[in-house]
Amino acid sequence: MAATEGLRALGAAARAELEQFNRSRVLVGLVFVEAITFIVLVSLFGLTGSRAPTALIDLDGGPLARSFVQHLEAAHDSFSLRPMTAARAKKELANGSVVASITIPHDFDTAITHGRTVLLPVTLDNLNADMSEDIRGALPSAIVGFGQEHHWPGIRLAASQRDLIGHDTGYIPYLVVSALALTAFVVAGILGAVAITREFEARTLTQWRLAPVHPGWLVAGKLLAATLVAAVAVGAAVLLVTVGYGVEPVHPAAALGVLAVCVPMFACVGACAGALLRRTLPVAGLFFGLTLPFYIDSGAVEPLRFDGDKIWTLGHTSPVYQAIGLIEWAFHGLRVTPESVAQNFAALGAWALASVVVGTTVLRTRVARR
Amino acid sequence: MQREALIELDRVSKRFGRRVALDSFSLSITRGSVVGLLGPNGAGKTTVLSVVAGLARATEGTVLWRGRPVASPFPSELRRSMGVVTQETALYDELTVRQNLRYAADLFGVRDRDGRVAELLQLFGLADRARDRVGALSGGLQRRLALARALLHDPDFLILDEPTLGVDVEARHALWGHVRWLRRTGKTVLISTNHLDEAEALCDRIVVLRNGSRLTEGPAAELLARTGRCIEIDCLDGAALPLRDRIAQLPGVTKIDATEVALTVHVANGSSTHAVTDTALLDEQVASVRVRAPDMVEVFQSLAEARDGGD
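As you go down the protein sequences, you meet chains A and B in turn. Residue 909 is where the first sequence starts when you use the working numbering, and the numbers rise one by one after that. Residue 2 is where the second sequence starts when you use the working numbering, and the numbers rise one by one after that.
In case anyone wonders, no lab produced these hints; they're calculated from the structure. The C-beta atom is built at its ideal place from N, Cα and C for all residues, glycine as well. Please note that the accuracy of each hint is not assured.
What the hints assert, rightly or not - Computed from the model, here is a short list of chain B residues facing chain A with C-beta under 8 Å:
| id | residue |
| --- | --- |
| 1 | T60 |
| 2 | R81 |
| 3 | T87 |
| 4 | A91 |
| 5 | Y93 |
| 6 | Q100 |
| 7 | G110 |
| 8 | V111 |
| 9 | D113 |
| 10 | D115 |
| 11 | W182 |
Extracted from the complex, chain B is given alone in its bound form (with noise of 0.2 Å):
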């Protein structure tokens, strides 16, 4: 059964002065799912969060809020439906860790304040620094602070602008973690991010973007198997460039960057990569042979330029 559409974007434009961040771009996403926006700095994520966010409106096109078209500035009914985490998090750094939360709740006329806070606190782990200046916090903290202030009013739809920018591996995990259970508790979630693995950890669906337009939507597997995979080889100095020839010639083999040490093949999905290896492998002067998935780049540019060859 097709499942209700929460929020949606229909052939929204946003022009800066004369410069376009998007394009006509249109977005449907359901209840209970997380949805993924990626693609590289400028690509129009931030806009299209700060549309749906009702942080700018729109030049034209319409945004539905469960089918129905919503003015600017929002109403404070559809505010409440909302937690948004902006990239920069908007915390009073000089307020502690609990006033930052009950401020926010104030705000928002949230039943039970302390409770909700104190539930808030322990959920994220921020229990014992409810004290702290907000200031003194790591990254990582603040960012799990603003993403437990933008559920403190307990909204149907969360709306997170590269949650993990800037913080550690081991701060990222945790955020993910938080973004699971979000998943798991039936929120429906849009995430934008610049890395792959993110997107690939905790979205349902991701939206590829480039320049305000939509270069390709589908799930992170999906989107992954497409680009196929990437072969790192090292070689001894001199070596990489008539090597390069010869992995040229082999099927499944679509680009390859090259210097004079090392070389990255890229092999099309649906082909083996063990041509590749094997023929690499054979050769005296390579030092090392290594496969890997494609970064976030590598799939945007297979998917740039699939689309722009498919055009």
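With the rest of the complex left out, here is chain A (with noise of 0.2 Å):
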């Protein structure tokens, strides 16, 4: 009976906070646009990183040329090539436009076939360490590329190389699909939060108090409507990157399933933030605020044990670092924490669950306090 009851309310509170969605529409537009853009603005950020532009000014054009073009092309996935002419390339360097020149000379195929060393002028605009050594790294792998190609003597070293995964996975791919789950983080922690908020804000708190059912049933209903409007706009943020950027899910039951398990995750964490700060204002800020902090430093630009034992030890600290571990699972297949699916769904669990218990806690101080 209880039960029954208790269900009746919380399908109460959740069509009723639906309801409260849907008058305030510039707050949940708002929420969808920011599911979008974060993705938009991930890709910009790997587009960025990892084509550096370069101008190509290839003088000679003969078949040794543009087989050396090819190794360019092929060294490094961060170099992209421009063909342009010498005085394009001095205007493009000038205004940055792009990041080097290199200019393959007249004479290279004719120097090549006669054994002579050739000399590439390379002309590099150095105001970004990280784009610079991308080029510095690139150049020297093209050349040894090339020479292996033609069977140069002297070059004794060859790599044998084996991957570890079946497939590779491009920059982009692996920062969208992370950026899946920050998504997931700040559109359910915001209207979780919201959700909460609310409450605190139009002091409609008193009527749980005076409900003939306990008011967990109230936060559930109230977090159940949460979760339905973030997964629409997290689902859209998918809809992107699945048909956009055409990332099709490796696992794509487990990706329904990872996106469907942290979508309440995060409600849950963010109705305990809200609770905690009963604000909206303070509460959206502190979402939008740990996105950049969560999204670094949590395996969204590489796995993070890559970057060490503290900040590996510091990732912990967000939900995210789990969530993105499921992710990059099920949609490239990629194991991108040292810890388990299991343990990383155990992990989340433990998040949520501390989540409620931290938020029922402090709501009933705060309820019992009005």
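Dock chain one against chain two, each of which comes alone in its own frame, and use the hints as you go.
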């Protein structure tokens, strides 16, 4: 009987919350926009970081020069060659449109054929060490690859590469999938928080204590509504990633399952923050403020264990770490955390449980105090 | 025949830290009665209502429902027997009038929800505002809606905390009409107010509170009678003080509040006001004389002085 009444109250609370979300269209609209823009933002970050624009001035144009260009293109993922004239390259370097210019001299093929050493003029705008190093590292790699292809003597070392994973994962596909976890965190977190802060701001908490059911049913109903709205927003982001970016999940059911677990869990984390802060403005600021640190220190850009023990340990202070571990596995089949899939699921569950316990305790105290 | 007590407080105390909000306070409310809690701000009215409504747990003492002690938090059957209108109406501003009522009806499991909501919308004159956002309603309409919501599940016992706080005169009288209707339908009502006229208009019995304790109680008419009458005398400049000295000698005068141009004379219950009014009207420096009932502050002061004097 109590459970039936509780479920009815849960349904009523969920319906009322959805009606309130329907009235707060600006908030919900902004949350949807945030879900999409975050994906776009990180892919822009990936574009700028991974595709350093480099001017290529091919003054020779012969078959060996073209072969060398192919090796340049294959040398490094973050190398984006743009063929152009010397004058144009000079101009684009000056106005910062390209990072470097590589010139293949007009006697390239002849010199190579006659066994002469060719000097490649390279001009580098080294204002950003990350990109400079990409180009500095890519050139020798392309030269060695070019030499090996033409069986030149003197190169006595060749890599025997064995890939741990059967496929390569592009940097942008990696980033946008990680961003889904962050999107779920921010969207579900804010909506979960707002569902609670709204009660403080409207001073409607008294009604919870006057209701003939345990307030937990009402909180659950509100979080259900927040989860549904967040799920739609995250669904739009998933659509963008799968259709817009063409990222097909390796384990589609698991990908949906991970998000279906992450969204309500993050809504619980949001509800806890809402109970602690009691106001929408600071809680929204908190979640948007946490986005970047959580994104950077959660394995979203690269597996966190590559960044050393301290940063890896610090990453565990955010539930996004486990979420990214799960979502990269579900979409790309990658294990980006030393922890297993089951361990990450369990850790996310623990986050949600801790949030529910802390949130309920805080709410009970706050409601009683009123 | 003695009517059954619906709810009782037995030597209930409530402390917030070191502050004592309610000090060994007892109250018995019989079925079908309308009891008013009267007192200035900070007297403990809202604390009493909170304890009775189960919103606050008594630090000491017992709450009894139909003669049986009840634990806190209140069981759901007891919650279903109560309708509460708090000072903060606790309505959802973003929802419409109808949505607020439907939500409350669902929480209480009201049968024929939509029919009951429509009935109360009609009863409280809110039918034409059913689709309006609550945030767009006036304070008076919001209070009316809060009262309608408290009645959705047809409770036996209504608790109204300053139901006319911050509303205009018209809305106030409309709300009074609804409370009188509750009395006619046999509901038991506990109401707190700052306004003596409100308590007089609505309540069978008034309990006057001071510093978390009962100052006195009784029917409104009896309390008013105990405090006598007031006479307002307006004088020309400088004439008030000599007149005060003459009036102070008259029988029945208990207290005079004086300024340079006006006197407020308090005459004891049972004493005639004629001696004072005649004296004033014979004075050429007096511009006007008016006899009135004491206001809440004056009644409270009078009762407090009588009690302190008695002590």
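Results of checking the hints against the structure:
1. T60: With Cβ-Cβ at 13 Å, over 8 Å, it is violated.
2. R81: Holds. Min distance 5 Å.
3. T87: holds, 5 Å
4. A91: holds, 5 Å
5. Y93: Holds, because the Cβ-Cβ distance from B/Y93 to chain A comes to roughly 6 Å (cut-off 8 Å).
6. Q100: holds, 5 Å
7. G110: holds, 6 Å
8. V111: violated, 11 Å
9. D113: Since chain A brings no Cβ nearer than about 15 Å to B/D113, farther than 8 Å, the hint is violated.
10. D115: Check failed: Cβ of B/D115 comes no nearer than 14 Å to chain A, outside 8 Å.
11. W182: violated, 22 Å
Of the hints listed earlier, those the structure fails to meet are numbers 1, 8, 9, 10, 11, in rising order.
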